Amino acid sequence: MRKGLYPKLAVSGMKKNRRLYVPYILACVGMVMMFYIVSFLCTSETVRAMKGGDMIQNILSMGRNVIAVFSVIFLFYTNAFLMRRRKTEFGLYNILGMGKWNLARILLWESLIIAAVALAGGLAAGILFSKVGELVMVNILQTQTDYSLHVDPGSVLFTVMVFVPIFFLLLLNALRQIHLANPIALLRSENVGEKPPRANWLLAVAGLVVLGAAYWLALSIQYPLEAFMWFFVAVVMVIVGTYLLFIAGSVAFCRLLQKNKRYYYRTNHFVSVSSMIYRMKRNGAGLASICILSTMVLVMLSSTTCLYVGKETSLRNRYPRDIYMDVTFTDMELSDGPQKDQIRAAFMEVVKENGVFAEHILDYQMADMAGFLQDGRIDLDSSMSAMEQFSMGNFSGIWQVFLVSLEDYNRLMGENVTLEPGEVLMYTTRHQYEGDTIAVGDGAPMKVKMAKGFIKDGTDSMQIIPSMYLFLADPEEVLAPLNGLADFSGNKLVNYHWYYGYDMSAEDQVQIDVLRQTWDRMEGLLSGNGFEEIHMVVDGIAWERADFYGLYGGLLFLGILLGIVFLFGAVLIIYYKQVSEGYEDQSRFGIMQKVGMTKKEIRKSINSQVLTVFFLPLVTAGIHMAFAFPLIDKMLVLFSLTDVWLLIGVTAGCFLVFALFYVLVYKATSRVYYDIVSGDAAV
Amino acid sequence: MRAIRREPGGLKRDMSILEVTNLKKTYTTRFGGTKVEALKNVTFRVEQGEYVAIMGESGSGKTTLLNILAALDKPTGGTVFLDGQNLANIRESAVAAFRRDNLGFVFQEFNLLDTFSLEDNIYLPLVLAGRAPGEMAERLKPIAEQLGLTGLLKKYPYEVSGGQKQRAAVARALITEPRLVLADEPTGALDSKATDELLGLFSQINAGGQTILMVTHSVKAASHAGRVLFIRDGQVFHQIYRGVFTEEQMYQKISETLTLLATGGDPA
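Note that the protein sequences, when read in sequence, are chains A and B.
FYI, in numbering that gives the first Met the number 0 the residues of the first sequence are 0 to 682.
FYI, in numbering that gives the first Met the number 0 the residues of the second sequence are 0 to 267.
There's no promise every hint is true.
Stated by the list, open to error - Below are the DSS-like pairs computed for lysine-lysine, each with C-alpha atoms no more than 27 angstroms apart in a straight line: (1) Lys598/A to Lys73/B; (2) Lys154/B to Lys593/A; (3) Lys23/B to Lys593/A; (4) Lys192/B to Lys252/B; (5) Lys280/A to Lys23/B; (6) Lys73/B to Lys593/A; (7) Lys73/B to Lys599/A; (8) Lys260/A to Lys192/B.
To be verified - Examples of chain A residues lying across from chain B (beta carbon under 7 angstroms, computed): (9) Lys260; (10) Tyr262; (11) Thr266; (12) Phe269; (13) Ser273; (14) Ser274; (15) Tyr277; (16) Arg281; (17) Asn316; (18) Ile590; (19) Val594; (20) Met596.
To be verified - Non-contacting residues of chain B with respect to chain A, defined by C-beta distances greater than 10 angstroms in every case (computed): (21) Lys23; (22) Thr33; (23) Phe43; (24) Gly48; (25) Phe80; (26) Asn110; (27) Asp119; (28) Leu123; (29) Met135; (30) Gly150; (31) Asp195; (32) Ser217; (33) Glu255.
Derived from the structure by calculation, the hints contain no laboratory data.
The structure presented is a predicted model; accordingly, all values stated were derived computationally and were not measured.
Cβ atoms here follow ideal geometry from the backbone N, Cα and C, with glycine treated the same way.
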């Protein structure tokens, strides 16, 4: 055969089907672009040099793998749409005398062209937008960079090495389909008589049960750590449930509607219900995918945005003062020793030397222990230590208990609470305490009075299990019998903390200087006599800020990137769904008109079906989000973020933006749909 | 026998069910703007209870004529009266309802919706007309029996043979008790056995009083009709009344006329 025929046939085939090929190629370009951007940022020296940059790069490299895996699944899915329509054309070529070998050559050319365009376009766009990505990151980390454009040959090579095999696999898959089919099957593959979908009640009920269980799980979980452990189980259940419900449940539901003759045989319902069955059978999986992707986008965006917006709050929760010290003693004796005065003095010297002013001084002490809460008693002495129970996943009864003197409480909170003998003031975080009395160890039960709150401390905000503060007139009384007790691996059951910290109105750089000097001073002090049993951590909020911003900013950045990728996927699935349905509905449109439906009636019926099919995933994603909300709320507590209203606002905002975007996509794609349907359908 | 007239009135009773007068249809081709006369001057009448076949070669204007009769297309000139009503006077919005209430269609390609069972396909026009489920079932029962569909109603189009599909399509055309059944090459996609069956059914239905207008170029199909109109170059060229002829004799007559048409002669 003439040279150049195959490339020509490949190009003309793609041109003729440009409605399908253009979005596919764009999707390929988009995937390559996103992949390049992420791998560029992962390895960029500029980013690594920023404070907090390595944190972002770690997070992004996870994202890079997600994008690669998603690309494979997604490109295979969309490629299947293409093949279904191309088969007719190949069948024709086959009948006109082309062997399968010739078809394979056309396919080869087609793949080569698509791969070349996708890689060239994707890399070009990637290089261009990688700068945007870098600038966004610079903004997140609040540092500076120049505006020059860099190309990273390593990332280019890596991208090519990931995507060339993907395109090769796609080609092999296409060849396999051509090889297996005979010409008649190829010609007919588009209009094989389709069996009416049977309702699979078992799967439908299973879907309902699984989804219901996932929702129940989401609502019934009370402890933040449980939320974290069960979140992934719930996610898997929701995915399974959604697929089952969309595929089997929807058909079963339509069948139920059909059984109700009074409902079914109505002008508005008759055509819609019966075509919906087919629509759902064909598109159930696609719709479920859209729904899952949308939910993922929403969960990711809302939680990462929330973390990013609330980053200063969580930073404050973690470090209640600009300079903040946490001293741990293992022995009660030490907590009242003279060392405390020496440490205080050392702090103040540094403050004075730097000419800053220390305010909001925080200075208090508490005892902390982990124990099991059982029938109103904190049990420290169980045969297995709390930590070991914990590591076995048995964590629902574990509490972190802090004992603080009532005097400290009144001083810090500016209150004047008094307690009768046998009374205790209590404050809990992450979980409510419901009993009337509480006992610690073998002590007598004390009557519980609830406190309004307590200042945040670093120890509590680092915890993932609920905390219980007990304010006692005389903590020693409760502590004395516990002092010196250890679990069998030798760890003391009770630790003593002394918190000391202050704020200063100074710029971050000054604060960091002060912190460095404090570190030097403390090192000198701790090497002296009498400080052997003291374990001290001094933190500065300014010092940690970059890491915090790096972490939360990195999560947000990744959330946005993956959000874009998933959204991309959802949009393309929607588009292909519309196009393929358009071709299928074309002939039906003509028949209905001949049997006496007005164009208006047909349009109305099709409109209502398309709308239902289109917005079902969005509505379901909204419901998923609503049920996921308590879980997300509890998980964010683990990131020391407790602002429910912030989460509600951000989630609602994300959903609205997403819905708006979704509607725009609907408008754009439904035009293509109507173009196809009314193409030659008007009899 | 089914009721013949819905509205009483002396005038209508004398009228033909279909009156086509000086019908013209001119198409302008999309490229070049040349005018093509699909129908030049067609005039004929169909009386109540008649079974008329229209024959002609491809491109003679048969399909254009049928589309105009079905109110799917508008003529360039001339008038069509269906049951005394001028099709040109029906408002655009009422055309679909008019078609649904007065005409029954049988197509070569059956045009059954594959998403419906045969039963629901047959119900479709009634559902569109807003009839109650009970009434629909009552109407279907005798028709299904007559057409031998009773055991097939729950099946889907893809599960049954071409002949069975066409019978379902006939049932769909009859269930609205239309004034006129329009059949467009109804045997075109059927094998000879199914063709015989269907033509037998048409004769039977016609004997029951149903007016049928069938467009075909099958001599066999036309030989069942009571009258055959021949169209050539957009005009009614000739017609044959069956009168006392048997089907075989009719077949013979039609063949002779077609030969004449093809050779360009003038029938005596």
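Now the hints, each set against the structure:
1. Lys598/A to Lys73/B: This hinted pair holds, its Cα atoms lying about 16 angstroms apart.
2. Lys154/B to Lys593/A: Holds, at about 22 angstroms.
3. Lys23/B to Lys593/A: holds (22 angstroms)
4. Lys192/B to Lys252/B: Holds, because 23 angstroms separates the two Cα atoms, which is no more than 27 angstroms.
5. Lys280/A to Lys23/B: violated (48 angstroms)
6. Lys73/B to Lys593/A: holds (15 angstroms)
7. Lys73/B to Lys599/A: With a Cα-Cα distance of about 19 angstroms, the restraint between Lys73/B and Lys599/A holds, given a limit of 27 angstroms.
8. Lys260/A to Lys192/B: Since the Cα atoms of Lys260/A and Lys192/B sit roughly 36 angstroms apart, the hinted pair is violated (cutoff 27 angstroms).
9. Lys260: holds (4 angstroms)
10. Tyr262: violated (10 angstroms)
11. Thr266: holds (6 angstroms)
12. Phe269: holds (4 angstroms)
13. Ser273: holds (5 angstroms)
14. Ser274: holds (5 angstroms)
15. Tyr277: holds (5 angstroms)
16. Arg281: Violated, because the Cβ-Cβ distance from Arg281/A to chain B comes to roughly 11 angstroms (cut-off 7 angstroms).
17. Asn316: Constraint on Asn316/A not satisfied, violated at 59 angstroms.
18. Ile590: This interface hint holds because 5 angstroms falls under the 7 angstroms limit.
19. Val594: holds (6 angstroms)
20. Met596: holds (6 angstroms)
21. Lys23: holds (20 angstroms)
22. Thr33: holds (22 angstroms)
23. Phe43: holds (23 angstroms)
24. Gly48: Consistent with the label, Gly48/B stays out of reach of chain A, its closest Cβ about 23 angstroms off (over 10 angstroms).
25. Phe80: The claim stands: Phe80/B keeps its Cβ more than 10 angstroms from every Cβ of chain A (closest is about 20 angstroms).
26. Asn110: violated (5 angstroms)
27. Asp119: Contrary to the label, Asp119/B does not stay out of reach of chain A, its closest Cβ about 6 angstroms off (not over 10 angstroms).
28. Leu123: violated (6 angstroms)
29. Met135: violated (7 angstroms)
30. Gly150: Gly150/B is indeed farther than 10 angstroms from all Cβ atoms of chain A, at 17 angstroms.
31. Asp195: holds (25 angstroms)
32. Ser217: The assertion about Ser217/B holds, with a minimum of 21 angstroms to chain A.
33. Glu255: Since the minimum Cβ distance to chain A is about 35 angstroms, Glu255/B lies beyond 10 angstroms and the statement holds.
Checked against the numbered hints listed earlier, the structure breaks hints 5, 8, 10, 16, 17, 26, 27, 28 and 29; every other hint is satisfied.
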